[in-house]
Amino acid sequence: MRRKIRTPPLFIFATVIAFSVLSLFLSRLFLHSSRRPLPTTTKLSLPHLHLLDDAADVDDVNLLLDRRRHRFNHLNYDSSVLLPDSELLLLLLPSPAPADFSGEDLFCVFHNQETSPAKPVGKSSFKCEVPESLRRLRRIFRPVLTNFPPEAPVELISPEATQVVMRWSFLVYESLSTETDVILFVKGVNNRQGGGRSVDSLRCVFSSADGVNGVAVRTNATHSFQEVIRCKHPDEPSVRRLVSNGGVSGNRIRVSLEILDYGRQRSRGKPVNVPSVAYYTSVRTLAGDGKKSLLCACTMVNNVAKFLKEWVMYHSHVGVERFILYDNDSSDDLFNVVDELNNNNNNNNGSPSSSSSNVVNYKVDVVSWPWPKAQEAGFSHSAMYAKSSCTWMMYMDVDEFVFSPSWMNSSRPSTNMITSLLPNASSSISSTTLINSSSTSNTSNIGQVMIKCLDFGPSGRKTHPKEGVMQGYTCRRRGDERHKSMVKLEAIDDSLGNVVHHFELKKGFKGRTVGVKDGVVNHYKYQAWSEFKAKFRRRVSTFVVDWTEEGSLKSKDRTPGLGFEALEPEGWANQFCEVKDDRLNRVSRGWFGYNCSTSGEVRMAWQD
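In my numbering, the protein residues as written are 381 to 988.
FYI, nobody ran anything at the bench for these hints, they're computed from the structure. Among the clues, some could well be false.
Stated by the list, open to error - DSSO-like cross-link-like pairs, simulated, lysine-lysine; straight-line CA separation at most 30 Å:
no. : residue 1 : residue 2
1   : Lys743    : Lys864
2   : Lys672    : Lys886
3   : Lys842    : Lys832
4   : Lys753    : Lys767
5   : Lys913    : Lys887
6   : Lys672    : Lys499
7   : Lys890    : Lys612
8   : Lys886    : Lys753
9   : Lys671    : Lys499
10  : Lys612    : Lys887
11  : Lys864    : Lys672
12  : Lys671    : Lys767
13  : Lys890    : Lys832
Stated by the list, open to error - Derived DEER-like restraints, expressed as beta-carbon distance ranges:
no. : residue 1 : residue 2 : range
14  : Ser711    : Ser824    : 43 to 53 Å
15  : Ser910    : Val619    : 47 to 57 Å
16  : Asn527    : Glu948    : 52 to 62 Å
The structure presented is a predicted model; accordingly, all values stated were derived computationally and were not measured. For every residue, glycine included, the Cβ atom is placed at its ideal position computed from N, Cα and C.
Generate the whole structure from the sequences, applying the supplied hints.
Below is the structure:
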């Protein structure tokens, strides 16, 4: 019998491999030859600093793109940053969204064709959630921002979809130029509340915004504290060289930070560049009308529109001339309320200031600050941004109201009430403490005035009082707690260091604490549960642990009796009620209340 011929296994294996390689080659050839560019409005003028390390990765991503023809528009954006909680921030800087996209529903389309709604954040950025399927990836690619319906097929743009988003944990996120230097706000370089990396190891790097010409100018750092790095300006010839050497789109210059001794093994002794979304700009300050305000107020806000009128109207009538709101991702009616306040000056809705001698004008400015847990940096920014327009700055939240027991005798508010607490304003004001001072006689070197807080509880309330917090909450804890401050901006230390409640001062300046008989801050801290539970979302301070995390259990920022979830404790409405205190309730009702002609009830000036 004739022997049956057997095919060697090695030959079979080699044949399969050869056939697979040939098939892959032909399929790639077909795919690449069939791709045609789709006309689109998107033109990325500023590619990311972080491109993929290897061209093969880019090719692999391109193979994932389902490039089917569909008519839609893309909204060009500058940078993308991956924030905590798998949120992606898309920055339209330096210009807001064009009018063509106003009122439209926008979506983020990721490289795997998954989508998520893009929600506006202020006027110059959007946020969208990263799909679950992509959250564990080491690198997430930039999505397309578009107005196409989510059920429709979409063609993705290769240059956009093959760029990696930056991560919030290590980033230069803002810059501010002053007359003498440039200030960078940097996450992930100085992680301790009370210190910073040596300036000898830091340099600011100025380069073309589009990154194509390879030209860079470096200047030495002069200060490094918390998230603030200050550097010298580049000289004029260097700036001209950056602009004229080609590649700078619209004369924009990117500014970043270089760390000379990063210390990690992966740096291999080489300088490490911190990724950046910040630009080097001309000197920017708060717009003024030629008159410098004696006292301004600054606060960081998130969805406080329904509280804002009460806070602004009250403090305007007792002496605050201007308000600077750092908007931290508000999604409510903030801008409409601000416009209403600014546009309705001299229309006081029955408030006591309606007489010609007491008319006040509301001045409210909004600064976009979408960065999470960056309150201290925001306050540092405000100290320089508003320095030319404000002499003193009051740092206070919208649930905090300055009050002096001496105001109980006044039938009307006066615009010199709060300023009477400032140095040299009134000899009758007594200080309980003069920090770092052996004498209270010299007040010319007082750079900071601190006022103690009284913490109010829910006062039996289960819903937000429509008349406002001053009318709604009248029961508080017995002792005073933390303090809030009014700071002389020229007295702030060049490091701009602060711990939310107060700033570091320059050598030669001192702080004073006002006695509780002269002034307090009514802090409506523990409100009705429907309002209070929002605090579980995220604490805005850089160095304060979020309430959902098991850490810093003895911190005064924590609330006694609460766990790590937003679950209402039993009897919440009656907690923190040790002292009945309706002083500001009665004063504000007399100053701002008026009888409604139709119902006869007393309404407050800020009620809609």
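Each hint, compared with the structure:
For the proposed pair Lys743 and Lys864, the alpha carbon gap of about 22 Å is at most 30 Å, so the pair holds. Using a Cα cut-off of 30 Å, the hinted pair Lys672 and Lys886 holds, with the two alpha carbons roughly 22 Å apart. A threshold of 30 Å between alpha carbons decides the hint, and for Lys842 with Lys832 the separation of about 27 Å falls inside it, so the pair holds. With a C-alpha separation of about 24 Å, the suggested pair Lys753 and Lys767 falls inside the 30 Å cut-off, and the hint holds.
Distance check on the hinted pair: Lys913 and Lys887 sit about 41 Å apart at the alpha-carbon level, beyond 30 Å; violated. Distance check on the hinted pair: Lys672 and Lys499 sit about 37 Å apart at the alpha-carbon level, beyond 30 Å; violated. For the proposed pair Lys890 and Lys612, the alpha carbon gap of about 28 Å is at most 30 Å, so the pair holds. Only pairs whose Cα atoms come within 30 Å are accepted, and Lys886 paired with Lys753 is accepted, the gap being roughly 26 Å.
Under the criterion of a C-alpha separation no larger than 30 Å, the hint pairing Lys671 with Lys499 is inconsistent with the structure, at around 38 Å. This hinted pair checks out: Lys612 and Lys887 have alpha carbons roughly 22 Å apart, not beyond 30 Å. Proximity of Lys864 to Lys672 is assessed by CA-CA distance (about 23 Å); at most 30 Å being required, the pair is judged to hold. The hinted pair formed by Lys671 and Lys767 meets the criterion: a straight-line CA distance of about 12 Å does not exceed 30 Å.
Using a Cα cut-off of 30 Å, the hinted pair Lys890 and Lys832 holds, with the two alpha carbons roughly 17 Å apart. A hinted range of 43 to 53 Å holds for the C-beta pair Ser711 and Ser824, which are about 45 Å apart. Taking 47 to 57 Å as the suggested C-beta distance range, the pair Ser910 and Val619 conforms, at roughly 53 Å. Range check, Asn527 to Glu948: about 41 Å between beta-carbon atoms, so the 52 to 62 Å window is missed.
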